[in-house]
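Q: The primary structure of each chain is shown beneath.
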Amino acid sequence: MREQMPTRKRKSADHLTPVPAQPSQNCDILPWSFAVFASQAGRSDVQEALDSLTEYGKAFFERQVVYLAGTANRSDWREPQAKRLRGYTELYEIRFLDGNKATRALGFFGPVPRLFTITVVATHKQNVYSPREAFDIADRRRKAICAGDAAYSTLLVDGEEFPPVPE
Amino acid sequence: MARSFHRYQSSVEARQAFVEAEAVTSLAHQIRVLRTQRGWSQADLAREMGTTQAAVSRMEDASYGRISFKTMLNLARVFDVAPVMRFMSTIQLLRERRTVRRADLEVRPFNEEAKDVVFETAERVGSAMAATLSTSVPDRVHTVVIYPNADKPAWLTASGTGTSTVMRVF
Chain A
1 MREQMPTRKR KSADHLTPVP AQPSQNCDIL PWSFAVFASQ AGRSDVQEAL DSLTEYGKAF
61 FERQVVYLAG TANRSDWREP QAKRLRGYTE LYEIRFLDGN KATRALGFFG PVPRLFTITV
121 VATHKQNVYS PREAFDIADR RRKAICAGDA AYSTLLVDGE EFPPVPE
Chain B
1001 MARSFHRYQS SVEARQAFVE AEAVTSLAHQ IRVLRTQRGW SQADLAREMG TTQAAVSRME
1061 DASYGRISFK TMLNLARVFD VAPVMRFMST IQLLRERRTV RRADLEVRPF NEEAKDVVFE
1121 TAERVGSAMA ATLSTSVPDR VHTVVIYPNA DKPAWLTASG TGTSTVMRVF
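If you read the protein sequences in the order shown, they are chains A and B.
In terms of this note's numbering, the first sequence is numbered consecutively and its last residue is 167.
In terms of this note's numbering, the second sequence is numbered consecutively and its last residue is 1170.
Any given hint might turn out to be false.
Sample of chain A residues at the chain B side, in silico, Cβ under 7 Å [unchecked claim]:
id: 1; residue: 67
id: 2; residue: 148
id: 3; residue: 160
id: 4; residue: 163
With beta-carbon atoms standing in for the labels, derived distance ranges [unchecked claim]:
id: 5; chain 1: A; residue 1: 147; chain 2: B; residue 2: 1080; range: 25 to 31 Å
id: 6; chain 1: A; residue 1: 146; chain 2: B; residue 2: 1036; range: 37 to 43 Å
id: 7; chain 1: A; residue 1: 146; chain 2: B; residue 2: 1077; range: 46 to 52 Å
id: 8; chain 1: A; residue 1: 147; chain 2: B; residue 2: 1090; range: 43 to 49 Å
In case anyone wonders, no lab produced these hints; they're calculated from the structure.
Ideal placement from N, C-alpha and C gives every residue a C-beta, glycine not left out.
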């Protein structure tokens, strides 16, 4: 049985300390695992945003994650599937459609090896992000996680760790 | 995975969304993998296909999702691979695409793979395998047996490293 990272339901103070990714079958085989930002109270608005996508948006996001999880080199996380964001240290976005809305899952590689943590979900239209300060929020949250002032939890789809453990 | 499966089971919309998203995403990612596997830039692929770099960029964009049958055949031609356009069980697709690694998407061009193809007789393949093959395929069918490195029979080991393909003609 594999151990999981702290979940957003965890209430004790130690959930604020990032827990190193546990060795698992998933990590052994797939280059990347995924996590989401969680507040000090253990709530994850990122997970909530992903849970509230349309069926197509959810499916599109899941598929992009599955394919990017197998894309080992960060340099291959490129447009149009993903993009490194200019002007911000280590910020990337995963690109997908939610219906016909261009949607972005912003995040960073870390805070532990082989982990990509999503810190904000935003929409994108004509070069304008919504929320407008999406990059700043993503960067602020990255710094908070890395400083141990915020937590992160395993990315869930239908309440289960995603991507799933390879067979 | 079990919960997602139950969601697909109870919602036609959910499973159709999965099928559509998988189709456009896998194709976009595989085009990029095949291109970079060959060391080509988007401009190189565009030149081979007789199109523009912008068009190649669109093909690698899962959000585009409107690649034509003609373009698929053109891609197959320049990559020197075979496109497999068929319908399959959604459950099988779910199993196959549960997780995907780059190696799952790479395909060698014909002439590169052909170096590892060996034609063999039934006697040489071995009686056990010959018996299996002759009961599972009709006569006069060309059967391709691909041996992963670890499962290669001793007589084939000398023929090279990596995966080997045995073409057996009945």
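Q: Which numbered hints turn out to be false for this structure?
A: 2, 5 and 6
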